[in-house]
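Produce the complete structure using the sequences and hints provided.
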Amino acid sequence: MKKNGAALLAALIAFLIYFFQLAVSEVYPFGDSYVVASYDLSAQICPFIEHLFDVMDGKSSLFYSYSIAGGADVFGTFAYFFISPFSFLYLLFGDGSVYNACGVVMAFKLAAIAFAGAWFAVKLFRGIPGYLCCAIGIVYAYCGYVFVASTYVNWIDFLIYMPFCAAAFVRFVRTGKFLVFSILMACCIYTCFSISCFSMFIVFPTLVGYAFLGVDRERRNSFIAYLCLSFFVAVLMALPVLLPALMAYLRSGRSGGLFDEFWYGFTFGEKTSFDISEYFDRAGTAWYRKYSYILSDSVFVVLTLVWLFRSGLKTPLSKFMLLAGATTLLPVFVDEAMLLMNMGSYMSYALRFGFLNALYFLGGACLAASECRFGREKAFDGTPLEARDREGASVLYALVCLGAAVVLAVFVSSELYLNIWDSFTSDSALLNDAHAFSGMFAHSLGGLQVIAVLFLIVGAVTLLGVF
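For what it's worth, UniProt numbering labels the leading residue of the sequence shown as 1, then goes sequentially.
Any given hint could be a false lead.
[Claimed, not checked] Label-pair restraints from in silico Cβ distances:
1) 174 to 235: 22 to 30 angstroms
2) 56 to 243: 21 to 29 angstroms
3) 31 to 214: 49 to 57 angstroms
4) 208 to 56: 16 to 24 angstroms
5) 95 to 208: 19 to 27 angstroms
In short, the hints are calculated from the structure, not lab data. All of these numbers come straight from a predicted model, not from anything done at the bench. Backbone N, C-alpha and C define an ideal beta-carbon position, used for all residues, glycine too.
Now the structure itself:
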């Protein structure tokens, strides 16, 4: 496969996979019983877009509406809606059909994500074959964060921008030119000013860390200065939308205190003793949800760990990847960090900054794949193979992949996952009371019961292929 066509093919396949699943599930446009819109997408986003048709007909105001949320300043949401890619498709469906349009819009966004992921692999990693770049893009399009953000569809745009942001940063490192990097950061701010701005508390220190790990001492100070300038320029570019949207949300946005849930579960008992039993209930549920999404990126996670292990953390890049992994996973491991960065409760979106994790594992997977040898005469590690060895290894690996696919298909179709967690806790009163795990994945049943099995099987197949 020519590498130039890998990104386009990845986009097409991701698009078709999504429509195939809609057809299997009889979701619109392949059925009248279900639509893609659910939760916040149906309760908040779609009503705002439907309201826009009233604005166009002169029946309501662009800046305030009494028919939404009991009265709200709607400019902020409209601003983000207009800038979001593929939002014009809602308008093509017409008044009263916004809910039906969600599936089509989602398909195009997934195609764009797949294109971005494959383009990232093609552009920055010359040693990866085109067919594998295509596969990487497809896997990236269906990463865990897609399921987190699918009910607040504008957030998915982060995944479109992230690979281009990373490539722009590499360009900045090599040439000192930061304008493209600033423009793409501004696009992220347009996507959601609160999430993107708070994510800078992770991104900026991480990139400063790169200055100390990967930049020569002679140009380190100037690099950090230009890095600061790039963030400043990005915020300036976002101000035309950022300021009016911020004012709109201050007047009528949903608010919450910074420490609303920070001390949740900590109560004073007799003699000022702490009772923390409820804390573990809440923390258990939060960790369960986060790890469900993280482990769903099984191939990327395993490949990233393989690359870190093989690197021995001896190069500046490997040390930076370790630092980036620690900082981007901080809100996952430390729930209080997630609470503070969201200025209070993050509601049911337990992985709001998951687009950073998605980019990190995408990069780690590409680094691992770029160091493999894909010649027919060699193993992945470069070891020469005889013809008999090549044929035997290919047949064995094909059988392993087929067996893994059959096991996963039977596991999911038989609905064994619905009660799999109970088999670990039913005999233990302590675990039964302490785990506080709900079967949540993408706001529906499933969760870690499925993802853990998926992670183990796919991870084992990936390790077998790499080693």
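Results for each hint:
no. : hint                           : result
1   : 174 to 235: 22 to 30 angstroms : holds, 24 angstroms
2   : 56 to 243: 21 to 29 angstroms  : holds, 25 angstroms
3   : 31 to 214: 49 to 57 angstroms  : holds, 52 angstroms
4   : 208 to 56: 16 to 24 angstroms  : violated, 46 angstroms
5   : 95 to 208: 19 to 27 angstroms  : violated, 49 angstroms
Consistency with the previously given hints fails for numbers 4, 5, ordered from lowest to highest.
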